[in-house]
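> Put chain B on the given structure of chain A with help from the hints.
The primary structure of each chain is shown beneath.
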Amino acid sequence: MSKPRRLSSGGSRIDRSSRVSFTFDGKLMSGYRGDTLAAAVMANGQRLFGRSYKYHRPRGVIGLGSEEMNALVGVGTGARHEPNARATQVELFEGLAAVSQNRFPSLSFDVGAINNTLSRLFPGGFYYKTFMWPKVFWKHIYEPVIRKAAGLGVAPEGRDPDSYEQIHVHADVVVVGGGVAGLAAAEAAAVMGARVIIADENAVLGGISDLEDGTIDGAPQAEWARAAAQKLYDAENVHVLTRATVVGHWHHNYVMIAERVGDHDPAIPKSGAPRHRLWKVRAKQVILATGALERPIAFANNDRPGIMLATAVRAMVQRYGVAPGEQGVVFTNNDDAYLTALALKEAGIAVQVVDSRARADGALPERARAAGIAISTGSVISAVKGKLGVEAVKIASYRKGQGRVVSERSAPCDFIAVSGGFNPAAHLWCHNGGKLTFDEGLQSYRPGSHADAIVAVGAAKGTMALADIMAEARAAGEAAAKVALPKAKAAKLAKLAISEDARKPLEAIWFAPATGKYNEGNKHFVDFQHDVTVADLELAQREGYESIEHTKRYTTFGMATDQGKVGNLNGLGAIAEATGKTIPEVGFTTFRPPYTPTSFGAITGSLTKKLFLPVRQTPVFDWHMMKGAVFEPVGQWRRPYTYPRDGEDKHVSIAREILNVRNNVGVLDASTLGKIEVKGPDAGAFLDRIYTNMMSTLKPGRCRYGLTLNELGFIMDDGVVVRFDDERFLVHTTSGGADRIAAWLEEWLQTEWTDYRVFVTPVTEQWAQFAVAGPRARDVIAALKPSFDVSHEALPHMSFVEGTLGALPVRVYRISFSGELSYEIATPANHGRALWDALLQAGAPHGILPYGTEALHVLRAEKGYIVVGDETDGTTTPDDVGLSGLVSKKKADFIGKRSLEQAHLKAPNRKQLVGLYTENPEEVLPDGAHAVAEVKDKPPMKTIGHVTSSYLSPTLGRSIAMALIENGRARMGDVLSFPLDGKVVRATVVDPVFYDKEGARLNV
Amino acid sequence: MLTLVCPVCGAHGDETDFHAGGQAHIRRPASHDPEHISDQEQADYLFTRINPKGLHFERWRCDRGCGKWFHAARDTVTLEFKAYYGITELPPPDIMAQARGAWADYFKARQKAAAKAGAKS
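Residue numbers (our numbering), protein chains in the order written: chain A, 1 to 1004; chain B, 1005 to 1125.
Hint data in this document are derived by calculation from the structure and do not stem from the laboratory. Predicted, not measured: the structure shown is a model, and the values here were computed from it. Treat each hint with caution, since some may be false.
Below, a list of computed lysine-lysine pairs in the BS3-like style, where the Cα atoms sit at most 25 Å apart [as the list claims (entries may be wrong)]: (1) Lys1086/B to Lys284/A; (2) Lys385/A to Lys345/A; (3) Lys581/A to Lys699/A; (4) Lys435/A to Lys1072/B; (5) Lys400/A to Lys581/A; (6) Lys938/A to Lys983/A; (7) Lys889/A to Lys911/A; (8) Lys679/A to Lys1112/B; (9) Lys1086/B to Lys482/A; (10) Lys345/A to Lys394/A; (11) Lys495/A to Lys231/A; (12) Lys1120/B to Lys1057/B; (13) Lys581/A to Lys284/A; (14) Lys1057/B to Lys435/A; (15) Lys650/A to Lys627/A.
With the rest of the complex left out, here is chain A (with noise of 0.2 Å):
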């Protein structure tokens, strides 16, 4: 068997001049400039690129250019490292390093290949069959092995030190694809002055103009292509991008595009710039002008290297100067192909067409014929010889509808070239509810409806002759730039003179009959990057899978990486054949974006790291980084969760802050409380609507704790309420809940009660909040000088008052979360941090310290206090956490009253809640954990409830916990089991209020 290898002369890409050291699995190559990595590699004598997916087949490259499924390489080292790039699309450049993926130990040698012998074990759906049973065997065995067996590259190691950019724009036109047609319509658009967007994948505009035929005004085609593509690059109303992949086409045309800026060239991410950009754009009108795709035909063993797509084939040779071998075949259904051979034949190396229609007379074959090169008509090949590469092909004689060989002679040949047809590529089209319909001269779907303002040109829309191609595509440009810029005027662009070689109808095949008893022993894919055979999507219809998109499922036929933009129509005609359905009564499954695989570099951009998500900070922040405070999140918050000392652990710091709350003082950054002001006439009014208790009869100067449900009768938050005066109130929500609540508020105001004359104000953020909770809080508030009374008759429990502290303004609030003597101190934000260390130093003499999130937690747990989101679960309502006494009886209307009355949310056996104690008193229940009403050696076992809140109370001394138990307010004192892992946890349930019932702590 040959090996391919760089031609003498030839390569319209490459420069001869520039020579390009790389690496491939280690080995060093050489290459030139304007190579691909395919064809570098292909220079270098090498066809074997990887090994497949499942059964460890070994590949080689099969297309052009993104479509590439087989030849998927590692690209760079270390935390620069990319896995599953396309051999067909990376630019080589000096020093690359490349590897092949899914072999072990190397490529000609691989262990996984045994999956090939063994595949009578791994047919469509094998994960659903094979390895049923045993059932533990699927975890430990099955699966570990499965997953190290099958799969593509490596994840790269370490962070990833590029950058990425996302750019947001407005364009009148977007001209997906820079072909022939892409240029042309970009062209009209312009001249009319439209701001247009051009991009293509590839590195240089002008699609596969330099391997077509026909010419333009007498020129090469490409000729024409590489002027107009200069015009677009000197237009200042046109932006060309190019390595820019668009890869979704969205409602409203919202068009992504991702351009790969630096891959090409490693300084240029060193150098700063971003490795990847991703363009947001919204197009007033979009033109799809992307092209069409060749697909393969189905034969025996079809996968072998050396089989590539013909117009791939062409590039080797006439891009880059590349043999693929010494001596090829051409197998077709169609003209176009002719030209490959033409190529090949032209290049000196020998080739024979094997064409499966019963006569080959257009243009291009009888071109053929008068050079020389033997046509067999009313071929296939059914077999393959070869495991590497190909040595050797069987020619048989073909009638279509025909299931076996009759006869056939086998032919010397070491690579092939195959086209059956051309598939518009219509996946940006369908991205967006564009609809197909089936075209019978192609035989192929192309594009139909679409409700968006996109139109689709040339190949992409099954347009195939060059002088269609550009007349359609102009008039797309005139028309997308009229819609923009209605005033605008007629492009009248130069007539261009066009002549083709006219081709003659394709005829489908999808199956080419295989020497020996149907289909056995030989692989005919389809889709190569997932093994999908024919002989899979038979067996898929066999076992009823009759819907494509459940086929697709079954088999994994269309769903890797390249979304069987090359191999999905075969699989599609193969199982009409195989159904006697016709294609279109098979169907199509979806395309979805994105196009080609995206980094998620540019998916994410520049948000990541601190701009990932950014963090809310109170006014005293700083202060509790300086003393080395344990942050936990809360909302968009962080919020200090203990202030562990110098070698203190975590538990015992957070019992320091409890007791200290109990016996002296502690203050609590309070700050990320929601704070909303409610404003006007009608103030009260409102609130009556949306609280389930009165807030209308609150006397100014009071606070009272009111719980908001949703219109479902559930706790949705909860927080103190305080009246200013007639018509001001302050309105305290949860952290998390400030800004939802806050929203809630005006969408009822706005919604609903529209002739409420009330302001609703978020102030959060406006305000310091400071929680002086314990026995010596009141000798630390007197220290401070306030300019009020702070006897307990004159600020009483839910009492407020406003005034000055020293020099500091402040609104305090007597208000307790942790039922001690406690005062809420509210300070303008940017006096926060004096108040804070006002506190602070007042404090000292009286052992004041402060405390965090989780002693803040175990103090309301030990009162009884619940926590919306810990105690409610959004299925919650008031009575099943002991607050009925908060729903009036008075009002006609709140929020959730109505739906309070439901049956279901009065059914007597909702789960209450309930406190806990458990036998052992060292014993803290697990958060979550189920009481069960018998225990049993295994589930499933009924569950009667739920832990919600569990701690060791360092005041009581032993463990604590609330749940949410059915009919638990009935069963006090009984004993409820909690089985745990290996253990089973019994706990008395005793009433949700552990500490100080009749409140005696607070009332001082």
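Then chain B, alone, in the frame of chain A:
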């Protein structure tokens, strides 16, 4: 992703600059006659929605702009916004006339009720 125009402040933006608020013109029974609401009526208010193929009426909020709620008429097939109108208003008459099925019935009932109320006063 859709683009919208706020009829209150005129801001033109992406869907993510706005907040989708579900179906428009849902009447909250408890705001009118809280004493007499059947379970069925309440269940309909909470859960029953019109889900047409074609012209639909929705609530949106200008989230990153003026913060106001407004109404929009949108075709659920072409995704085209046909009209924007105030949060307390009914659709423009020409758009209302294009409503089909459940929406047509709804607007007919609204107009009948309004005519009845007008006759009374």
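> For each hint, tell me whether it holds in the structure or not.
We went through each hint and held it up to the structure:
Our distance criterion of 25 Å between C-alpha atoms is met by Lys1086/B and Lys284/A, whose separation comes to about 17 Å. Annotation: proposed proximity of Lys385/A to Lys345/A holds, straight-line Cα distance about 23 Å (limit 25 Å). This hinted pair does not check out: Lys581/A and Lys699/A have alpha carbons roughly 79 Å apart, beyond 25 Å. Only pairs whose Cα atoms come within 25 Å are accepted, and Lys435/A paired with Lys1072/B is rejected, the gap being roughly 37 Å.
Between Lys400/A and Lys581/A, the direct Cα distance comes to roughly 16 Å. Compliance with the 25 Å bound is thereby established for this hinted pair. Taking the CA atoms of Lys938/A and Lys983/A, the gap is near 11 Å; set against the 25 Å cutoff, the hint holds. Between the alpha carbons of Lys889/A and Lys911/A the distance comes to roughly 22 Å, so the proposed pair stays at or under 25 Å and holds. Of the pairs offered as hints, the one joining Lys679/A and Lys1112/B is violated, with about 38 Å between alpha carbons and a cut-off of 25 Å exceeded.
For a cut-off of 25 Å, the pair hint linking Lys1086/B to Lys482/A stands: about 22 Å separates their Cα positions. For the suggested pair Lys345/A and Lys394/A, the alpha carbons sit about 22 Å apart, so the restraint of at most 25 Å is met. For the suggested pair Lys495/A and Lys231/A, the alpha carbons sit about 17 Å apart, so the restraint of at most 25 Å is met. Taking the CA atoms of Lys1120/B and Lys1057/B, the gap is about 31 Å. The hint is violated against a cut of 25 Å.
Between Lys581/A and Lys284/A, the direct Cα distance comes to roughly 40 Å. Violation of the 25 Å bound is thereby established for this hinted pair. Between Lys1057/B and Lys435/A, the direct Cα distance comes to roughly 17 Å. Compliance with the 25 Å bound is thereby established for this hinted pair. With a C-alpha separation of about 14 Å, the suggested pair Lys650/A and Lys627/A falls inside the 25 Å cut-off, and the hint holds.
When the structure is compared with the earlier hints, violations turn up for hints 3, 4, 8, 12, 13 and for no others.
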